[in-house]
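Asks: Sequences listed follow chains A, B and C, in order. Numbering-wise (full-length UniProt numbering), the first sequence opens with residue 1 and increments by one. Numbering-wise (full-length UniProt numbering), the second sequence opens with residue 1 and increments by one. Numbering-wise (full-length UniProt numbering), the third sequence opens with residue 1 and increments by one.
Honestly, the hints are just simulated from the structure, not real lab data. Predicted model, so just to flag it, every value in this text is computed and none were measured. Hints are not guaranteed to be accurate.
To be verified - A few chain C residues that face chain B, going by a derived Cβ cut-off under 10 Å, partial list only: (1) Ala219; (2) Leu298; (3) Gly301; (4) Trp305; (5) Arg458; (6) Trp461; (7) Arg474.
As the list claims (entries may be wrong) - Computed Cβ-Cβ distance ranges for the label pairs, DEER-style: (8) B:Arg329 to C:Val60: 54 to 64 Å; (9) A:Ala25 to C:Ala165: 35 to 45 Å; (10) C:Arg171 to A:Ala69: 23 to 33 Å; (11) C:Trp49 to A:Arg52: 51 to 61 Å; (12) B:Ala315 to C:Arg48: 47 to 57 Å.
Positions of the beta carbon are idealized from the N, C-alpha and C atoms, including for glycine.
Read off the chains here:
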Amino acid sequence: MLELVNLCKAFGQRVVADHLSLNVADGETLALLGPSGCGKSTLLKMIAGLERPDAGQIRLGGVDLTALAPEARQVALMFQDFALFPHLDVRDNVAFGLIERRLPRREAYARAERALAELGLAGYEARRVWTLSGGEQQRVALARALVTSPRLLLLDEPFSSLDAHLRQSLQAEFRRRLAAARIPAILVTHDRAEAFALADRVAVLQQGRVVQCGRPQELLAAPRNAWVASFIGYHNVLDDGVLPEQAFLLGPAHPPARVERVDSLSEGIRVELTQQAAHFTLTLSAREAAQFPEGLRAGQDIGLGIDRSRLIRFAGA
Amino acid sequence: MFKKVLWLALCTSALGAQAAELRVLTHSSFALSKELLAGFEQQSGVKVVVIKAGDAGEMVNKLILTRANPIADVVYGIDNTLLGKAQQAGVLEPTASPAGAAVKQTLPGMVSVDYGYVTLNYDKAWFAKQKLALPKSLDELTRPAYKNLVVVENPATSSPGLAFLLATVKGLGEEPAFAWWGKLRDNGVKVAKGWSEAYYTDFSKNGGSRPIVVSYATSPAAEVFYSKQKLAEAPTGNLLLKGGVFQQVEGVALVKGGGQKKAARQFVDFLRSDAVQADLPRQMWMYPVVPGVKLNPVFALAQQPVAHDTPDSQAIAAKSAGWVSRWTRVVLKSGY
Amino acid sequence: MRAVFSRQALALLPLAFLILMALAPLARLLYEGGGGLSANLFFDDYLRWRLVWSLTQAAVTCVLALAIGLPLAWALARFAFPGRVLILRLLLLPFVMPTLVAALGVLALFGPHGVTGLNLQDTPWLLLYGNLFYNLPLVIRAACEALATVPASRLAAARTLGCTAWRAFWRVEWPVARPWLASALCLVFLYCFSGFGLALLLGGQRYATVEVEIYSLVAYELNLADAGALALLLLCLSGGVAFGYAWLERRLATPGKVEPLPPRPAATLAERTLLAGALVLLALFAAAPLLAVAGRALSAGVEAWAVLGEGDTLAALANTLRFSALALGAAAVLGLAHALAAQRWLWLRAAAFLPFVLSPVCVAFGLLLLYPGWSASLALLLGAYALLAYPFVAKSVAAALDGVPPQWPQAARTLGASAPRAFARVVWPLLQPAFRRGLAFAAATALGEFAVTLFLSRPEWTTLTTLIYQRLGRPGAASLDAALVLSSVLMLFAVSAFVIIEWPARRDRDSDHA
Numbered sequence: 001m002l003e004l005v006n007l008c009k010a011f012g013q014r015v016v017a018d019h020l021s022l023n024v025a026d027g028e029t030l031a032l033l034g035p036s037g038c039g040k041s042t043l044l045k046m047i048a049g050l051e052r053p054d055a056g057q058i059r060l061g062g063v064d065l066t067a068l069a070p071e072a073r074q075v076a077l078m079f080q081d082f083a084l085f086p087h088l089d090v091r092d093n094v095a096f097g098l099i100e101r102r103l104p105r106r107e108a109y110a111r112a113e114r115a116l117a118e119l120g121l122a123g124y125e126a127r128r129v130w131t132l133s134g135g136e137q138q139r140v141a142l143a144r145a146l147v148t149s150p151r152l153l154l155l156d157e158p159f160s161s162l163d164a165h166l167r168q169s170l171q172a173e174f175r176r177r178l179a180a181a182r183i184p185a186i187l188v189t190h191d192r193a194e195a196f197a198l199a200d201r202v203a204v205l206q207q208g209r210v211v212q213c214g215r216p217q218e219l220l221a222a223p224r225n226a227w228v229a230s231f232i233g234y235h236n237v238l239d240d241g242v243l244p245e246q247a248f249l250l251g252p253a254h255p256p257a258r259v260e261r262v263d264s265l266s267e268g269i270r271v272e273l274t275q276q277a278a279h280f281t282l283t284l285s286a287r288e289a290a291q292f293p294e295g296l297r298a299g300q301d302i303g304l305g306i307d308r309s310r311l312i313r314f315a316g317a
Numbered sequence: 001m002f003k004k005v006l007w008l009a010l011c012t013s014a015l016g017a018q019a020a021e022l023r024v025l026t027h028s029s030f031a032l033s034k035e036l037l038a039g040f041e042q043q044s045g046v047k048v049v050v051i052k053a054g055d056a057g058e059m060v061n062k063l064i065l066t067r068a069n070p071i072a073d074v075v076y077g078i079d080n081t082l083l084g085k086a087q088q089a090g091v092l093e094p095t096a097s098p099a100g101a102a103v104k105q106t107l108p109g110m111v112s113v114d115y116g117y118v119t120l121n122y123d124k125a126w127f128a129k130q131k132l133a134l135p136k137s138l139d140e141l142t143r144p145a146y147k148n149l150v151v152v153e154n155p156a157t158s159s160p161g162l163a164f165l166l167a168t169v170k171g172l173g174e175e176p177a178f179a180w181w182g183k184l185r186d187n188g189v190k191v192a193k194g195w196s197e198a199y200y201t202d203f204s205k206n207g208g209s210r211p212i213v214v215s216y217a218t219s220p221a222a223e224v225f226y227s228k229q230k231l232a233e234a235p236t237g238n239l240l241l242k243g244g245v246f247q248q249v250e251g252v253a254l255v256k257g258g259g260q261k262k263a264a265r266q267f268v269d270f271l272r273s274d275a276v277q278a279d280l281p282r283q284m285w286m287y288p289v290v291p292g293v294k295l296n297p298v299f300a301l302a303q304q305p306v307a308h309d310t311p312d313s314q315a316i317a318a319k320s321a322g323w324v325s326r327w328t329r330v331v332l333k334s335g336y
Numbered sequence: 001m002r003a004v005f006s007r008q009a010l011a012l013l014p015l016a017f018l019i020l021m022a023l024a025p026l027a028r029l030l031y032e033g034g035g036g037l038s039a040n041l042f043f044d045d046y047l048r049w050r051l052v053w054s055l056t057q058a059a060v061t062c063v064l065a066l067a068i069g070l071p072l073a074w075a076l077a078r079f080a081f082p083g084r085v086l087i088l089r090l091l092l093l094p095f096v097m098p099t100l101v102a103a104l105g106v107l108a109l110f111g112p113h114g115v116t117g118l119n120l121q122d123t124p125w126l127l128l129y130g131n132l133f134y135n136l137p138l139v140i141r142a143a144c145e146a147l148a149t150v151p152a153s154r155l156a157a158a159r160t161l162g163c164t165a166w167r168a169f170w171r172v173e174w175p176v177a178r179p180w181l182a183s184a185l186c187l188v189f190l191y192c193f194s195g196f197g198l199a200l201l202l203g204g205q206r207y208a209t210v211e212v213e214i215y216s217l218v219a220y221e222l223n224l225a226d227a228g229a230l231a232l233l234l235l236c237l238s239g240g241v242a243f244g245y246a247w248l249e250r251r252l253a254t255p256g257k258v259e260p261l262p263p264r265p266a267a268t269l270a271e272r273t274l275l276a277g278a279l280v281l282l283a284l285f286a287a288a289p290l291l292a293v294a295g296r297a298l299s300a301g302v303e304a305w306a307v308l309g310e311g312d313t314l315a316a317l318a319n320t321l322r323f324s325a326l327a328l329g330a331a332a333v334l335g336l337a338h339a340l341a342a343q344r345w346l347w348l349r350a351a352a353f354l355p356f357v358l359s360p361v362c363v364a365f366g367l368l369l370l371y372p373g374w375s376a377s378l379a380l381l382l383g384a385y386a387l388l389a390y391p392f393v394a395k396s397v398a399a400a401l402d403g404v405p406p407q408w409p410q411a412a413r414t415l416g417a418s419a420p421r422a423f424a425r426v427v428w429p430l431l432q433p434a435f436r437r438g439l440a441f442a443a444a445t446a447l448g449e450f451a452v453t454l455f456l457s458r459p460e461w462t463t464l465t466t467l468i469y470q471r472l473g474r475p476g477a478a479s480l481d482a483a484l485v486l487s488s489v490l491m492l493f494a495v496s497a498f499v500i501i502e503w504p505a506r507r508d509r510d511s512d513h514a
């Protein structure tokens, strides 16, 4: 189990960790969710030993790692751009850590090849890394990180450079691998969908602090404050809570609301409405949208009812 | 690997310093048969370390700069252009000549070893082809017929260049000499940095276009000696003009504050020995000061000047720096 | 924190070396000179003219080297043709040629007896030609390297956005190449400004630079005060240029591996003409004088080549080999240490240029004053070699280090490599090409004449270059032939050194573009 205790780190005026404490259990995947520049990547580097915290402790399995050199931590970090070594071929990249652990080269290569085969990259061993596609590079980086059997896996925006389709298929594969490896993992992302899809728990970071931490459902059911609520994807954030989609009722029986804007989504449409100076954004499924056979246009009035009893109050309020 | 070699080099140089060593400072043209030096080492029991300090002028300045902590025990190659400067700076131990027969040239306070002449050389083939008469005086060189035909070395950076300037000052008188230099400049004299540059890039015999160059009186003989097919006659000749010949006498002396006095003295005598005196002409193209030494037959092709215009070394010491800067002003600076 | 400390430790080695071998001697010389400046030193029209001339010829050479070098480099970088890689390696050859020999080569072409029948001696053309001979290759190499950092995708993007090849050059390649070129031109400027140079040799003393003035002040007049003042003035002027260079170099850092455009055969008539023109220009400016020297040596006949069998020649060859190897070893260590430390401090990066901007004659005499007991020791001589050779390694490796993104060594650390192991297995292999490139330049410097002639030497330390000068120190056709033969040997020696040093490792070969 990984424990971060009161970690502090600042670069001059910019605080990237402010008495930050977190735990990750064995076999658990924690997502660090936060806007760009909130200190997520620095946090990973501190855990990996590439940056020194100004104060605080990092413990893994009860052992204090804070003073250990990165190579002594057995913590694997997968970089955002994968950081594959351009002077080595795929096999040597994957075997890199094994050779550092004094494995005989032949054994290291055998294990590397096995790891590559498991990720569907058999036959890629002799390829130069810059001839690989983004998805292939990502899988090589994952193989390189996992093949050394690290005690902790750190993933820095692992899917950000991949296209949406590839991302979905790889995310599923990732979950399987992480579950199979039974090691704690920390995933840094600014994409809430990715965090919710992959992580057992999500920690929302803002200016070096954990604003809220919990399982995805917990977060959705009780965001701590307006900032968290909008960051995890709620559109209709009020002063005291958020209105989930279920709180909105459509139909001519309800008071009129003016359609301001209509956007097509991959499934359904998004509608922005104003009602008595209040602004709402609704996502209508294809079926809900079918209520309007003539379609929706900006400037049009439709009936909109709001069920205030469904308001999700902020947990911190 | 590199480190090993470096260590080896350092160790050997450190070890070498422990053996009895005679440090001989010379200019870069010094050359002597290896067998002779080996013979001297065997006979005297010291190891001779020859240290080349660049051109003679550079060498004297290095000696002067390090007088508190001399870099050599004995110095060879100081000539009459530099002797006064060296003596004024007090870097030389007055060194008496070995007893014996009289020598042809002497240097006060130093032991003369060899001598030679700086003079104008001309390209015989060029003059024959152009059917131009050879100039009979320095003045003629300033006439239009000889426009752009002369290359000299910069006296501020070259020993023969300085020697030639001194000869003109002595031969023509100071004021007329600089007037002549001014006219020569107007007649297109080219100034090269050193002898090699002048001789190999400007002299018409080699790469250049100028058939008259400041060089040595023995150069025509050397041209024959270092020719490809043995020539019967030299391709160049000496142009021995009044005010254009300088007699250079080179000598050897002990360095003040140097060690190995006994060996140093032996070395001085060694340079006056018949064997060395006979070897020098071929090695450095200078004449031996000891009379009666048999010269290589090729020297018959070099005409030895009968007259020369050489200021005495005291005058040189007192005035040459002023003359050089005046020369620079007249030849290089005017017009800017 | 630890990284900072270790970098400081690394910086100590080159800094101590620079202080002991360059700064302290200069300071000692200034001290010896005392205060007594000539009153009119800086009001002397002649000296001012020399300063202006030094600046002008350096600036004109920079402009010409850019105007000719850039299109030439473009053709070399973009078109494939047999022997291309070899030509790029050989570009350093002019560096090795003793200036006097190069002058002989130039005059064999454009002298009064030149084979072209065109006598350019004593015209400004020959001066500029001489400067270009030495400096054009420098600009071409830098430009080729710069063009190899332009990602193929970016060029392709420009073309799809409607750029012609010509427009794509100006809008995509030129901005990338600009800082590289500027840094190469800084170097050209320094060389021309503070050197004795071929141009000056060909033009005579009217065209001497300030450095020649310093040389005669120190070596002949022993006027250390004036010389020191001039040397400091030059140091300030060219030190500013060096600082600019260091700043530019750091700015041009593009971390990451780019996939450059592979050279392709010239396809259209225009392309073939361009390539042919480039090769002709290169031959004219860089190769012709060398070929003239080699040609004259070959036509000198068997007797001339007999010089190779002489004991002196063999000893000189052995010395050249030994000294170059030792100097390269020292240059490698110092250069690496300097480059690693200079990642952090800009001034340290600029300090690598100190050996280029200090007046060699001042340093030589200062060393003599400072270490009289060591003056004729091999260690000091090798120190001088290393001093002049190592900045090339430092410069080249520092630039390459800029190109290594920090996450590569970091990734190695997280995979279990200690800091030294991460350096050895990840950073070092990536620095290899640049390191070798720097070593090649260092080798060229060590083999070439440069200022080592100013130091005390011993007959038994004669190198090929000093032997060549000895031969040219006496009259006679045979002496000249011997010098030319020895120069050809020097060229052969240098060529093999460059090819060995820059021999692409097996792994790099498929991606080797420069």
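Asks: If a hint holds in the structure, say so; if it does not, say that too.
Replies: Hint check:
no.	hint	in the structure
1	Ala219	4 Å, holds
2	Leu298	15 Å, violated
3	Gly301	7 Å, holds
4	Trp305	12 Å, violated
5	Arg458	6 Å, holds
6	Trp461	9 Å, holds
7	Arg474	6 Å, holds
8	B:Arg329 to C:Val60: 54 to 64 Å	27 Å, violated
9	A:Ala25 to C:Ala165: 35 to 45 Å	60 Å, violated
10	C:Arg171 to A:Ala69: 23 to 33 Å	47 Å, violated
11	C:Trp49 to A:Arg52: 51 to 61 Å	59 Å, holds
12	B:Ala315 to C:Arg48: 47 to 57 Å	33 Å, violated
Hint violations for this structure: numbers 2, 4, 8, 9, 10, 12, all remaining hints satisfied.
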